[in-house]
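There are 2 protein chains.
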Amino acid sequence: MAEKSLYNYRVEPQEVDFTLRSTFASLGSSILNTAGLDAYGKGFGVDVLNADNHSWVLSRMAVEIDRRPEQYTDYTVATWISDYGRVLSTRNFTLTDAAGREFGRAVTQWAMIDLTTRSAVDLSWVGRQHDGAVVPVPPPTEKPRKIREVTPTQCSEHRVVYSDIDFNRHVNTMRYIEMMLDMLPVEMLTSELPMRLDIHFLKESRFGQMLTVGCELRERSALFEISADGTAAVRASVEWFNAPER
Amino acid sequence: MAEKSLYNYRVEPQEVDFTLRSTFASLGSSILNTAGLDAYGKGFGVDVLNADNHSWVLSRMAVEIDRRPEQYTDYTVATWISDYGRVLSTRNFTLTDAAGREFGRAVTQWAMIDLTTRSAVDLSWVGRQHDGAVVPVPPPTEKPRKIREVTPTQCSEHRVVYSDIDFNRHVNTMRYIEMMLDMLPVEMLTSELPMRLDIHFLKESRFGQMLTVGCELRERSALFEISADGTAAVRASVEWFNAPER
Chain G
32 MAEKSLYNYR VEPQEVDFTL RSTFASLGSS ILNTAGLDAY GKGFGVDVLN
82 ADNHSWVLSR MAVEIDRRPE QYTDYTVATW ISDYGRVLST RNFTLTDAAG
132 REFGRAVTQW AMIDLTTRSA VDLSWVGRQH DGAVVPVPPP TEKPRKIREV
182 TPTQCSEHRV VYSDIDFNRH VNTMRYIEMM LDMLPVEMLT SELPMRLDIH
232 FLKESRFGQM LTVGCELRER SALFEISADG TAAVRASVEW FNAPER
Chain X
32 MAEKSLYNYR VEPQEVDFTL RSTFASLGSS ILNTAGLDAY GKGFGVDVLN
82 ADNHSWVLSR MAVEIDRRPE QYTDYTVATW ISDYGRVLST RNFTLTDAAG
132 REFGRAVTQW AMIDLTTRSA VDLSWVGRQH DGAVVPVPPP TEKPRKIREV
182 TPTQCSEHRV VYSDIDFNRH VNTMRYIEMM LDMLPVEMLT SELPMRLDIH
232 FLKESRFGQM LTVGCELRER SALFEISADG TAAVRASVEW FNAPER
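Going down the list, the protein sequences come from chains G and X. Positions 32 to 277 (my numbering) are the ones given, in order, by the first sequence. Positions 32 to 277 (my numbering) are the ones given, in order, by the second sequence.
Possibly wrong hints are sitting among the right ones.
[To be verified] Some but not every residue of chain X turned toward chain G, in silico, with C-beta under 8 Å:
(1) TYR38
(2) ASN39
(3) GLU43
(4) GLN45
(5) VAL47
(6) ASP48
(7) PHE49
(8) LEU51
(9) PHE75
(10) CYS186
(11) SER194
(12) ILE196
(13) PHE198
(14) GLU209
Simulated from the structure, these hints should not be mistaken for laboratory data. In this text the structure is predicted, and so the values were computed from the model without any measurement. C-beta: ideal position from N, C-alpha, C; glycine also.
Just need the whole structure built from these sequences, with the hints factored in.
This is how it looks when you write it as structure tokens:
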């Protein structure tokens with residue numbers, strides 16, 4: 032039976048903010064990097080799919096970070112696929128420090144698209160062909176929530192440039208997350224409170240498009256919608272929690 | 032006698048563009064990361080300096096990339112300090128692929144600043160205290176050039192946000208480079224021609240400032256000036272060369 036796979040990281044100098052702790056975006060980047068590496072290593076990575084004119088795209092993601100690790104700290108990302116549906120596969124993650132204490136977790140849901148039509152294809156065959164890769168351990172937290180409606184209290188605009196786009200020729204997930212978080216007060220971003228992000232993707236954004244980033248700021252949370260030409264491309268929410276009793 | 036130090040990297044999925052080769056910015060990021068790691072490991076990193084209310088800041092950098100490595104490719108960054116002056120120390124880099132072929136190189140010049148006054152301090156004492164860290168091998172290419180005058184043919188504006196700033200609370204070098212490169216035609220950025228970047232820093236840019244990014248585009252090169260409130264903060268040039276005969 033398949034087991035969780037482990038990948039080791041260290042918080043590098045360019046990944047910290049002025050609190051000298053890893054940014055939320057850097058941790059998210061390690062999580063997504065782990066997904067790519069693990070699929071690649073197991074033979075169903077973007078490289079293999081591309082040969083068939085297919086690719087993985089992230090559909091939804093939930094990330095919880097209880098505390099942001101300090102610069103030069105080692106940490107481990109464990110990942111496992113808990114199920115393949117017809118449209119979405121679920122890949123899970125836990126983040127643990129060198130002492131084995133869990134400080135974060137994530138649940139991601141991926142679709143496979145046809146690179147010509149850019150629409151989702153049935154991925155039951157992946158489940159059949161790679162069922163040995165499924166680990167029967169449930170997701171470590173609630174699956175990504177759908178955000179249905181956002182009433183922005185503030186907006187900013189952003190033209191999609193070269194450094195925003197990734198190998199799929201659409202805006203990189205972490206860039207979306209940065210665009211949204213950059214609208215929040217710095218004190219919220221550098222607070223040491225546990226934080227949860229839910230994000231879901233509705234439509235791809237391509238090079239040259241003008242994006243509108245709307246933010247509905249509440250007391251301990253915020254909702255976001257990024258749209259292009261009046262159509263929502265991404266919605267997300269961020270929430271802060273009280274620190275757990277130690 | 033001190034020797035060059037070696038650091039191993041791999042081109043990760045989030046570091047490539049749609050040509051599936053590492054972006055210039057990712058390679059630059061590995062170079063700067065190597066500088067931080069090496070100083071840290073040798074006992075004169077930002078962590079030690081901060082205790083004395085000092086920090087390293089990059090003053091000038093030249094980077095040459097002959098070819099951008101492909102996704103999942105391993106490469107090695109070698110680094111060494113060739114000299115400490117009174118104001119600037121020179122740290123050098125070569126990038127080699129798994130077969131030992133050099134595909135890039137960089138020369139960086141660093142100043143030490145006082146964190147209260149934000150001005151440069153005499154760093155002769157570092158040279159004396161760490162003279163064992165100097166490797167008597169000259170820089171692998173021409174030192175960073177000063178760009179004296181830029182006459183922009185196009186401009187864009189950018190408000191400095193949280194994700195732009197680093198542990199020094201000023202705009203991250205790689206973000207400056209991305210802001211500039213993003214003004215160029217995508218065909219130039221994804222070309223496979225050898226490229227050289229020279230960048231020098233005149234003034235720090237801080238959170239919340241509005242930056243103007245000016246670009247003077249020529250046939251095989253471009254000059255840049257990023258300014259805040261009418262004062263130049265950064266100037267840079269990018270140049271493409273003919274591919275060498277193979």
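Checked hints:
1. TYR38: violated (11 Å)
2. ASN39: Result: violated, 13 Å to nearest chain G Cβ.
3. GLU43: holds (5 Å)
4. GLN45: GLN45 of chain X check passes; min Cβ-Cβ to chain G is 5 Å, inside 8 Å.
5. VAL47: Nearest chain G Cβ about 5 Å off; hint holds.
6. ASP48: holds (7 Å)
7. PHE49: Interface hint status for PHE49 of chain X: holds (5 Å vs cutoff 8 Å).
8. LEU51: holds (6 Å)
9. PHE75: Not OK, violated: PHE75 of chain X not within 8 Å of chain G, min 14 Å.
10. CYS186: violated (13 Å)
11. SER194: At about 4 Å, which falls below the 8 Å cut-off, the nearest Cβ of chain G leaves the hint on SER194 of chain X intact, so it holds.
12. ILE196: holds (7 Å)
13. PHE198: holds (5 Å)
14. GLU209: holds (4 Å)
The structure shown violates the earlier hints numbered 1, 2, 9, 10.
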